[in-house]
Amino acid sequence: MMKIAIFSDSFFPLIDGVTTSIKNNMEILSKKNKIYFFVPSGTGKLNISNSKYTQLKSFPIKSYKGYKLRIPTFRKVYEELKKIKPDLIHIHSIFGVGWEGLIAGKMLKIPVIATAHTIFPEVGSELDLKGFERTQAFNKIAWGFMRTFFNKCDAVITPSEIMVKELKNQGINKPIYPISNGIDTKKFSYSKRKKRTPTFISTSRLVESKHIDVILKAFKIFIKNNKGKLLIVGGGPEEKKLKQFAIKNHLLQNVEFKGFVKPEKIIKEYKKADVFLTASTIETEGITTLEAMSTGLPVIGVDARATPNLVKKDAGFIIPIGNEKQFAEKLEKLTKNYSLRIKMGKDASKRAKEFELKKMNKKLFENYKKTIKNYSSKKY
117 MMKIAIFSDS FFPLIDGVTT SIKNNMEILS KKNKIYFFVP SGTGKLNISN
167 SKYTQLKSFP IKSYKGYKLR IPTFRKVYEE LKKIKPDLIH IHSIFGVGWE
217 GLIAGKMLKI PVIATAHTIF PEVGSELDLK GFERTQAFNK IAWGFMRTFF
267 NKCDAVITPS EIMVKELKNQ GINKPIYPIS NGIDTKKFSY SKRKKRTPTF
317 ISTSRLVESK HIDVILKAFK IFIKNNKGKL LIVGGGPEEK KLKQFAIKNH
367 LLQNVEFKGF VKPEKIIKEY KKADVFLTAS TIETEGITTL EAMSTGLPVI
417 GVDARATPNL VKKDAGFIIP IGNEKQFAEK LEKLTKNYSL RIKMGKDASK
467 RAKEFELKKM NKKLFENYKK TIKNYSSKKY
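Its first residue numbered 117, the sequence shown is counted upward by one per residue in the numbering used here.
Please note that the accuracy of each hint is not assured.
[Said to hold, decoys possible] In silico EDC-like links for lysine to aspartate or glutamate, alpha-carbon gap of 16 angstroms or less: (1) Lys336 - Glu440; (2) Lys479 - Glu277; (3) Lys364 - Asp329; (4) Lys343 - Glu445; (5) Lys340 - Glu448; (6) Lys303 - Glu380; (7) Lys475 - Glu143.
Derived from the structure by calculation, the hints contain no laboratory data. As the structure is a prediction and not an experimental result, all values here were calculated from the model.
Turn these sequences into a full structure, and let the hints steer you where they fit.
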C-alpha cells in the first residue's frame, strides 16, 4: 500500500478539469492505497475509502468565482507530512496549496510529482489585473512562474503529447510524462442518435478563455437558414454577457443555458445532443470533449493545443481559431448529413476508448513508482 499526498488549490464542490481528474483517479487508487488530501478550507470531500483530509485556511478570489487563494505558512503542512510520511506527493496546482506541498516535500525529502493541467499565462484573462493579464509582460512572468515551480519538482505529468513539447520549449527540464486524465467509457457509453433536427451542446466553465461567444456567433449565422438547438452547460463569470448576447440577437428560442449540471447528470445532457462544440484555445486535453466523444458525439473544435490531436479528422471537424463562418458551415454540414454525424460519432467513441480511465490510471501509478525509484537512486 502506497501513501499518496494530493495537493490542490481547487477541490469539490467546484467542478473543473482538475477536480474531475483527481476524483476519477483517486477513486481507483484509494482501493489499494492511502490517500491524503491537502485542500483549501471550506471545500468538500470525496466519497472514497482510505482517505484523510487536511483543510488549509484560504480566501475566496473575487474575480475568479469558486476558487480560493491560500497564503502559504508551511508549518501545518510540514507537521502533517512529517506524521504521515507519504511515499509520494502529487501536486495539481501551482499556487498557495501547491507551493506548500512542494516546499514541505523538499524539506522532508519526499519525491514530488506535479501535473500541468492548465497553462497559467492563458487563464490570466480570468483574473482582474486591470489589463496587465493581457500583456506580453504578464505572459513572460507567468511562464517564469510555471517554469520555476515545475523545475523544483522531481517529475511532471501533463495530459497530452503536445503539452510535453510546449513545456520543454518553455524551459522545463525535469522528466515530463504524457498521461491522459482518462475517461470512464462504461459510464460515458456509446449510443446511436436518432435521425432528428440536431441539438448541439457545449459543456465548460463560462470563462473568456473557453470562447463560448464564438459558438454563439457561429450559431447565430447557422440558425438564419437552418433548424437546430444549442445547449450551453456550465456557469461562470461570462454567463451574464453571453445571455445578453443571446437576448440581443433573438437566440433564446433556440439556445438554452442549462447552468451548472451535476456530474452524475451530465451524461443525460450528452445523450440529448447530436454534436459537441468547443471553441476553447487552452485545452491541455479536454475532459468534457472526451466525455462527449465517448457517448458518440462528433466534435467541432478549433485548431488549438490538444484539441486537434484528440479529435482528428474522422471524429469531427477542426477549424481555424475564431472563424465563426467556418464554424457555422460545419454546423450546417452535420445538420444536413445524418449518416456523416453517425459515422463521426462512432469514430469519436472509438477514439475515446484509447483514453480508457483504468488504463490511464495504471500508467499514472506506474509513473508514481518510477518517480519514487528514481528519487531513491538519486537520478534527479
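So, going through the hints one by one against the coordinates:
1. The suggested pairing of Lys336 with Glu440 holds, with an alpha-carbon distance near 9 angstroms, which does not exceed 16 angstroms.
2. As the CA atoms of Lys479 and Glu277 are separated by approximately 15 angstroms, the hinted pair is consistent with the 16 angstroms bound.
3. The straight-line distance between the Cα atoms of Lys364 and Asp329 is roughly 13 angstroms, inside the 16 angstroms bound, and the hint therefore holds.
4. The suggested pairing of Lys343 with Glu445 holds, with an alpha-carbon distance near 13 angstroms, which does not exceed 16 angstroms.
5. Under the criterion of a C-alpha separation no larger than 16 angstroms, the hint pairing Lys340 with Glu448 is consistent with the structure, at around 11 angstroms.
6. The hinted pair formed by Lys303 and Glu380 meets the criterion: a straight-line CA distance of about 10 angstroms does not exceed 16 angstroms.
7. The suggested pairing of Lys475 with Glu143 holds, with an alpha-carbon distance near 14 angstroms, which does not exceed 16 angstroms.
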